[in-house]
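Engineer: Read off the chains here:
6 protein chains.
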Amino acid sequence: MRLQHATWQEVEAYLEREKGIIVPIGSTEQHGPNGLVGTDAICPEAIAWELGERHGVLVAPTQNLGMAQHHLAFPGTISLRPSTLMAVLRDTITSLSGQGFSHILFLNGHGGNIGTMSAAFAEVYAERSMRTGPQPAGELQLTTFNWFLGPRVRELAESLYGDAEGTHATASEVALSWFARPAAVKQVDMSPRIAPRGSAQCDAEEFRRRFPDGRMGSDPSLASVEHGERFLEAGVADLWEVYRAFVTSP
Amino acid sequence: MRLQHATWQEVEAYLEREKGIIVPIGSTEQHGPNGLVGTDAICPEAIAWELGERHGVLVAPTQNLGMAQHHLAFPGTISLRPSTLMAVLRDTITSLSGQGFSHILFLNGHGGNIGTMSAAFAEVYAERSMRTGPQPAGELQLTTFNWFLGPRVRELAESLYGDAEGTHATASEVALSWFARPAAVKQVDMSPRIAPRGSAQCDAEEFRRRFPDGRMGSDPSLASVEHGERFLEAGVADLWEVYRAFVTSP
Amino acid sequence: MRLQHATWQEVEAYLEREKGIIVPIGSTEQHGPNGLVGTDAICPEAIAWELGERHGVLVAPTQNLGMAQHHLAFPGTISLRPSTLMAVLRDTITSLSGQGFSHILFLNGHGGNIGTMSAAFAEVYAERSMRTGPQPAGELQLTTFNWFLGPRVRELAESLYGDAEGTHATASEVALSWFARPAAVKQVDMSPRIAPRGSAQCDAEEFRRRFPDGRMGSDPSLASVEHGERFLEAGVADLWEVYRAFVTSP
Amino acid sequence: MRLQHATWQEVEAYLEREKGIIVPIGSTEQHGPNGLVGTDAICPEAIAWELGERHGVLVAPTQNLGMAQHHLAFPGTISLRPSTLMAVLRDTITSLSGQGFSHILFLNGHGGNIGTMSAAFAEVYAERSMRTGPQPAGELQLTTFNWFLGPRVRELAESLYGDAEGTHATASEVALSWFARPAAVKQVDMSPRIAPRGSAQCDAEEFRRRFPDGRMGSDPSLASVEHGERFLEAGVADLWEVYRAFVTSP
Amino acid sequence: MRLQHATWQEVEAYLEREKGIIVPIGSTEQHGPNGLVGTDAICPEAIAWELGERHGVLVAPTQNLGMAQHHLAFPGTISLRPSTLMAVLRDTITSLSGQGFSHILFLNGHGGNIGTMSAAFAEVYAERSMRTGPQPAGELQLTTFNWFLGPRVRELAESLYGDAEGTHATASEVALSWFARPAAVKQVDMSPRIAPRGSAQCDAEEFRRRFPDGRMGSDPSLASVEHGERFLEAGVADLWEVYRAFVTSP
Amino acid sequence: MRLQHATWQEVEAYLEREKGIIVPIGSTEQHGPNGLVGTDAICPEAIAWELGERHGVLVAPTQNLGMAQHHLAFPGTISLRPSTLMAVLRDTITSLSGQGFSHILFLNGHGGNIGTMSAAFAEVYAERSMRTGPQPAGELQLTTFNWFLGPRVRELAESLYGDAEGTHATASEVALSWFARPAAVKQVDMSPRIAPRGSAQCDAEEFRRRFPDGRMGSDPSLASVEHGERFLEAGVADLWEVYRAFVTSP
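Chains as they are written, first to last, in our numbering: chain X, 12 to 261; chain L, 12 to 261; chain C, 12 to 261; chain R, 12 to 261; chain G, 12 to 261; chain E, 12 to 261.
FYI, nobody ran anything at the bench for these hints, they're computed from the structure. Treat each hint with caution, since some may be false.
[Unchecked claim] Straight-line alpha carbon distances no greater than 25 Å define the calculated DMTMM-like cross-link-like pairs of lysine to aspartate or glutamate that follow:
(1) L/Lys197 - X/Glu23
(2) E/Lys30 - R/Glu216
(3) C/Lys30 - R/Glu216
(4) E/Lys30 - E/Glu138
(5) G/Lys197 - E/Glu23
(6) C/Lys197 - C/Glu237
(7) C/Lys197 - R/Glu61
(8) R/Lys30 - C/Glu216
[To be verified] So the derived label-pair ranges between C-beta atoms look like this:
(9) G/Arg165 - E/Gly209: 48 to 56 Å
(10) C/Trp251 - L/Ser210: 17 to 25 Å
(11) R/Ser260 - E/Gly149: 40 to 48 Å
(12) R/Gln146 - L/Gly111: 16 to 24 Å
(13) R/Ser260 - E/Gly173: 21 to 29 Å
(14) E/Gly209 - G/Gly67: 33 to 41 Å
(15) R/Arg204 - E/Gly149: 34 to 42 Å
(16) L/Ser210 - E/Gly149: 38 to 46 Å
(17) C/Trp251 - L/Glu169: 29 to 37 Å
(18) E/Ser260 - C/Glu23: 23 to 31 Å
Remember, predicted model here, so these are calculated numbers, not experimental data. Even glycine gets a Cβ: it sits at the ideal position worked out from N, Cα and C.
My request is simple: use the sequences and hints to build the entire structure.
Structural biologist: Okay, here's the thing in structure tokens:
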């Protein structure tokens, strides 16, 4: 059940039986020679939509922009500053919790968002703990699930790619995005086959020096649409397990 | 050409021949008894994607959240504060202009965004005029086009609905969103047939008092998928005219 | 009745009979070869003071600085960033509404303020809709009236200047400011007689390139003190109509 | 020479011979039973205008709103938060210094502004010291002169009122504001004759408890229009001394 | 070598031979019945000071306040909001990097800081990647080392406490803080012996409900001053390894 | 009684008998050829710790960073922007007052903090006066005491150093910091013996031009550890007088 496709009366009815919602969040950033700029948004969106349809869980619109400052030297990247992303998440959470959503799960597709999301949740909770937030304040449980770190997904990536999975423009995320957008599949030779490894904690110019074609430690030429379908299944199963535990937590 | 489906190398190639980009921007807010919460994002997105495909113009990911504070008393609405939306737009513009995009057109689907978008552009230009912005600063032209105010769209809405078009949850936007999302069409009786008219300049509780089912002056039960297709054609034609003039402006 | 000239006891007495107040807002920016830097503040101030005296309406001190970033390449211009102006308006509104002013009308003299004012009002309302604003929150109605867009003023400008009225450093505003400040009248030859037309959506350097002497589409050498007096009368009549409707709105 | 009454060409000519400007800054706040809400703005404005006319110094528009949070429980008070006032001052300074004004003197009429003004100047300088400010950055000298602390003004107040001068709604400022606005003179009995003394470092409710009619330690019934004229002369002389030393400082 | 105890000339000399600096960062928050409110600051400070003395590395003053919103329902806790801590870190980094420190290692004592520190680093890098940061911008490498996650420290805690180490008010950090502040050792009975486990992602009231005496999963009555000395040694060794690798990284 | 060395239960017990707390605040900035970078933090910290021990007053962790932008051209200086320091103080105050501390005294060691501290207090009070602060809001009294301006300290400095005391890197603060950190005493020749006098209101480059070795008007070679002990005694006596009056104020 996608929020974008519902009427407000349908949301009102949903809230009578359920207090949870899933918000896909990604990034718009380069993903190497054969990965899509939208990879990090497309992957969690695909998993969330599939789960939402199967299990009747409400899925908010995807947050397409994330914290991608280190990729800005590659054209097509659009980054929010961490402070901006925190404001977006704060407003999203305040809007939803004010209407009775007490359990908000962000399904994240981008490692670079993790720190900022954690800070954003703390900013929201701090308003409550300092009693400067919404008055009165309802119950509020927030969590992040990184689809690419779920146990089934990890196991599948390990079995398919081993060391060639990498940490950015990974084979698994390229595969999943291709399954979600088969018309956008690109066949590109990689050189070197496995990209250099290293840290992304730097600014954009330095990042491009370290990782000239944008990949980090991966060989995404191993990806395939068929793999992508298996990642979708694994991701939906991982998410469903996490979501059910989350919404029944006290 | 959708940015989400491109690689960075494809964007780099695009920038060698063209400096313009279209960014759809909408809102996530109630649209009355038969309108979708995602209407304001779906409509400009549909027009931009169609134009992008026909004419090879790059289309950035849709900004799904807008300034919708007055709708927050209806469940499903997610609003950014104006200051948050300004930060999002500032970062989007700074990211793109730093890579060589000199002409950025925001295709807007929500009247409530207009003031904030204007303030956001001025904030970006003020950084330049005060010389505290990016150093060095490249050429930068910004514009907003509200698809629902284009001449062909206006004429079509007038001919189809006359006074029943209204100003929120309008018949035209419901029609276009249905064409874009036919599985989400809802048949709902409206009562009264034409919703009350009035001002949306107030807070959420007051708005819900003034407009009990969320519509403003409209009868969207007149909408149809077939109408939606015509609005798409009209919208693409209006946008193409505006875009061509914009990217060739000095 | 000017707030600056009242004691707090007089304001307290006023609030027992009336909940409305008028806040003139302008800008400090170049107005071409014969227009005063203070034109945009002087004009609404003159109208508000006259109306306040005739009809006993309270008039707050003039907000002399506005959003004028595009004029910064002309000496004498002082601009607030949109975010700064929003903070000023937010604090002004919060101060007044906390004391019982429920209807606040901003009488605006500068087109460049319009978007930012709209965003500022939405920011104030969003605090309320998200329940993070003043606790408890009283009734609050906000509106902007642009004196230069009132029907009587428009008609007068059309009849006196036709196409030579222009859009910045207009003949009408120069006339009104001269009537308000007769000692500051300047006789300057204009070349070309009617300034170029175009868009002000750009940064300061680009604006000065487009509009070398600061005027936009106007011939303010047509202005006269006598015209100014007629604009004052027209403006007061326009404002009085708008104000009465506003303060009696529910 | 008032900036509001000049054209940009006149300002350009001024900058060829002089780099200094005076910015009056006040507050909009209660001033007891016979003091005007605008006292703190009217006083420095009157002094600055008089000096500007006598000595040809450029005077910017008055900043009418200051930091007056402690007076908010008295109707008619409008306060900026310190952070807002800092943004206003930062933008004012950045606008002026970008055009070549290297010596900016703020003529202050409100003790409550002093800390915030000092913080605002430091914020501007910090941008420069951290090299995140305007690029390139020109020379910039900032200073505050509190007219009510000038030696001639202090001496006159002491001789006229002694202990009854007080620290808010003082006899001297009431006198000066009356001279500047003779039509607004009010004759009101004070009870007690001299108001209680104490600290204003508290919130608005507490302030009103401490100082029930708004005065702090003063008996402004001693004020007269004739005294006001003498304060104007003293203030102009004090300011002229300070201004000349300031603009010739290295 | 402690920065607080150096003169600027000594720092200048240091910068001629070394570009690295260590900044201890902690928190001021409850640490259960026998743990000190300052534990999270005292521990990294003790390790950094010891290493600084042994190896001649410069150590900045300790950042005593961190992100501790979830502990605010226990008296004595002082928390910064994440946005505030980000501003503090941004200014610290900008100050140091402007003087030639190119490698800044934050030695962290509080798990709750990790997300915010990551966001703060990204905010600093984003200013550079968007070219709105210091002009010109020198080389800048930032890293965090959490002393409690170093391999030697982990191994020691596992061998001494096993499952009773816990995740807040841990036995290891209590031991180290006691060694650093032997006069503050407290002998308190714990009930239950091992505190409940769970998540700290919630607001302050909820946290106190979940963890009534403040501990999370720990039995800090196992701690001793003698253990503390061993943790200091382990921590210094872990840090020295990390620091040397960091400052020689390209 | 140092907060860092207490448990939360000890703080809870303290709050049953006392509502006051002392927060030392300093700066990290150059202090001339023989003064320590940490002087401004070390001095108030030493006085507060001594008083806390003698009289059982709770002392919060020292705020080591202050507003030191003008010293940034000397290596080792770390400055917060005023806006950052205001956020730190706001969060500190909000944290403590939410737990029942109603009287918070900041013991300040740095003249450059004074304006910003005043602005920070006003920002906190403004949230209350505008009713956007903590709900409900408890009693809150805030004050600053500058140890170097206490009567006993002033008298001692005058008697020991006369005109050679100066205004930055003063003989008295160097003496006190040496007594607190005897291992860090430096013997350095000063040239000229007494440093130039002048204003610190400028940016960092200009400050270094005006004051080449960092001192302002002082000869700190007169300082001694023995003097430092006397300043400590004087400072404790001054503070105790001020603190007792403060916590018993209504």
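Engineer: A separate judgement is required for each hint: does it hold in the structure or not?
Structural biologist: Structure-based check of all given hints:
no., hint, result
1, L/Lys197 - X/Glu23, "holds (16 Å)"
2, E/Lys30 - R/Glu216, "holds (21 Å)"
3, C/Lys30 - R/Glu216, "holds (22 Å)"
4, E/Lys30 - E/Glu138, "holds (22 Å)"
5, G/Lys197 - E/Glu23, "holds (16 Å)"
6, C/Lys197 - C/Glu237, "holds (14 Å)"
7, C/Lys197 - R/Glu61, "holds (22 Å)"
8, R/Lys30 - C/Glu216, "holds (22 Å)"
9, G/Arg165 - E/Gly209: 48 to 56 Å, "holds (55 Å)"
10, C/Trp251 - L/Ser210: 17 to 25 Å, "holds (20 Å)"
11, R/Ser260 - E/Gly149: 40 to 48 Å, "holds (47 Å)"
12, R/Gln146 - L/Gly111: 16 to 24 Å, "holds (21 Å)"
13, R/Ser260 - E/Gly173: 21 to 29 Å, "holds (27 Å)"
14, E/Gly209 - G/Gly67: 33 to 41 Å, "holds (36 Å)"
15, R/Arg204 - E/Gly149: 34 to 42 Å, "holds (35 Å)"
16, L/Ser210 - E/Gly149: 38 to 46 Å, "holds (40 Å)"
17, C/Trp251 - L/Glu169: 29 to 37 Å, "holds (34 Å)"
18, E/Ser260 - C/Glu23: 23 to 31 Å, "holds (29 Å)"
Checked against the numbered hints above, the structure violates none of them.
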